[in-house]
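S.K.: Spelled out from the first residue to the last, the chains are:
Protein chains: 2
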Amino acid sequence: MSLPRVSVVGATGLVGRKILEKLEQRRFPVSELHLFASERSAGATVEVFGDPVRVEKLTREAFLANTDIALASAGKDVSTLLREWARGSGAVVVDNSSAFRMDPEVPLVVPEINPDDAFRHSGYIANPNCSTIQLVIVLKPILDRFGLRRVVVSTYQSVSGAGQKGIDELSTQAIALFNQAKIESKVFPRQIAFNSIPQIGKFSDYGYTEEELKVTHETRKILGVPTLGVSCTAVRVPTFACHSESVTIETESTPTVDELREALAGFPGLRVMDDTADGIYPVPLDGVEEDDVLVGRIRRDISGGDNAFNLWIVADNILKGAALNAVQIAELLHAGRPGR
Amino acid sequence: MSLPRVSVVGATGLVGRKILEKLEQRRFPVSELHLFASERSAGATVEVFGDPVRVEKLTREAFLANTDIALASAGKDVSTLLREWARGSGAVVVDNSSAFRMDPEVPLVVPEINPDDAFRHSGYIANPNCSTIQLVIVLKPILDRFGLRRVVVSTYQSVSGAGQKGIDELSTQAIALFNQAKIESKVFPRQIAFNSIPQIGKFSDYGYTEEELKVTHETRKILGVPTLGVSCTAVRVPTFACHSESVTIETESTPTVDELREALAGFPGLRVMDDTADGIYPVPLDGVEEDDVLVGRIRRDISGGDNAFNLWIVADNILKGAALNAVQIAELLHAGRPGR
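Sequence lines, in order, name chains A and B. 297 is the number that the numbering used here gives to position 297 of the first sequence; each next residue is one higher, with no gaps. 73 is the number that the numbering used here gives to position 73 of the second sequence; each next residue is one higher, with no gaps.
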């Protein structure tokens, strides 16, 4: 492939800006770079690769005339447009929104896990949910080596999952509290400062929220195990960056804890931080701006027999959970299918 | 029983002060009230029942000369002394420390669950761990009606669990961050402001922390099911008040979700807040200063077959998790064994 023309759609958002950073940091080869955003942000200038780049208003004509690979994080309505525009055009959209992730025609890709799926696209590839990505990166080596029966997840998700407005709401509320000023909640359903909210997204089927069902369905799709038992309780906590997950798994075979740790340690994109004798385990602040998913507190689940284990997973939800994974998919597309 | 002489040991601490508030609020009948604290706090004056009461230095003589019922929250070393002093003296100590909770001779009591155990004391009764109390209050009606096989808990614990110094550390760190000043961590092993720490207490057996094993062992003891499968991941989050718990259970029989909800709704000390259609579920801020344990997000665990369920539990860890439960035990002792 010659150097691709790359478009970033939603370039001024939290994830869009991180996509630009990652493209630059990873020296993604670009012949032309176009930044698109909503009419409101069009005309702004963003510095990329050391040069100022003007943000353009997203139109079908401007998009298709300038795009081989698009990286998008602009919400579901834009996703619908981009998918229609890209189909049959030669352009490929890597989209961070949840709009089409569970569409059987749409690949849902974590490059360390199911890279081949990226090449089965019809112009549109979905980037998975942030909580899902950091989970499946840990589950994949376990599934491959020991088999998996069941996964139960409780999340501790940062406000950055709701974008810049989520970050602003937590800091505004915290400052207001210390100044005994009035608290307003606009982004989250309850006060998030010094609180924990067991609701992310709307409530949906079976008493689960949309976020929780994303973890269930997307995990099954990415791992290619449609019947895997996966449940999630998704909780927003007052942290700015990184999501954490307390995870209980049941494996098919019965590894030792050391065998489990060893399987995890060898997997790309995953770093084991697990030495409780030295107080080593990951916390959200360890994960900030880190590309790797961090895992620790690996131990047998003393409630559940010899094939149940507990783990604690931390990752930067804006990086591996969003921008980095999208850029890695673009890298795959540019490199081409291995062995061809 | 005539009106008891009550001593509060550790009267100036966070839990001690709440014990005094609860004695007053619940009009606990007291003939004399003595407040004890360490030498450092002795001589201070605390207002109780509208009158100033002088805090005395804790000595064996002063304690035994003035105590029918003692409510203590003063750490393990003091617990050892109090237990020795009280044995055979006629005084009964209700102690919030973890020193002797798992001693087979020591009753570990949640009045709604195992009130009879309170009368099997040898002068010393243990008040359970805060995370345990709010859990067992929910498990008990489920155990009685549907049986229980397994319990997996992930906690979201506030800094008040570490006492006033925990509260101070979170607020100091948060203010320092907003002022771009240096952060110091003295009480918690890592920065707690805008972070989550999967370590409460020291690391102990099987890769679990002391706090996590307390939940396992104390739950079994209070419920009277020594083989119950219970595991916990205990996580400190940057909230000031109330602990939350994401809990997965497996029952023996197969209730419907409505039957489960109904069993919970009828149990004393427990309030069901579970109407996701109206956005109703408990958050830590709902639990502050509330006597009840709050439970919501009651649903079938879609990973685990027909007898697995998920729940979300919130309680004020300083009240039902500590001071209130201790005062309720004292009320039991004063009322005497029912039916005798």
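One should not assume that every hint holds.
All copies of an identical chain are treated as equivalent in the list; a pair is satisfied when it fits inside any one copy or across any two copies.
Quick list of in silico lysine to any residue cross-link-like pairs, SDA-like style, CA-CA up to 25 Å [stated by the list, open to error]: (1) 182 / 229; (2) 182 / 64; (3) 57 / 337; (4) 76 / 100; (5) 76 / 145; (6) 76 / 123; (7) 202 / 275; (8) 186 / 61; (9) 202 / 176; (10) 202 / 26.
These aren't lab readings, by the way, just hints derived from the structure by calculation.
S.K.: Indicate, hint by hint, whether the structure satisfies it.
M.R.: Taking the hints in turn, this is what the structure says about them:
1. 182 / 229: neither (43 Å within a copy, 45 Å between copies)
2. 182 / 64: Result: close neither inside a copy nor across copies, 48 Å intra and 50 Å inter.
3. 57 / 337: neither (33 Å within a copy, 77 Å between copies)
4. 76 / 100: within (9 Å within a copy, 57 Å between copies)
5. 76 / 145: neither (37 Å within a copy, 45 Å between copies)
6. 76 / 123: within (16 Å within a copy, 65 Å between copies)
7. 202 / 275: Close across copies (13 Å), not inside one copy (38 Å); limit 25 Å.
8. 186 / 61: neither (36 Å within a copy, 59 Å between copies)
9. 202 / 176: Neither: 27 Å inside a chain and 35 Å across chains, both beyond 25 Å.
10. 202 / 26: Neither. Shortest intra-copy (36 Å) and inter-copy (40 Å) distances fail the 25 Å Cα cut-off.
This entry does not satisfy hints 1, 2, 3, 5, 8, 9 and 10, going by the numbered hints stated previously.
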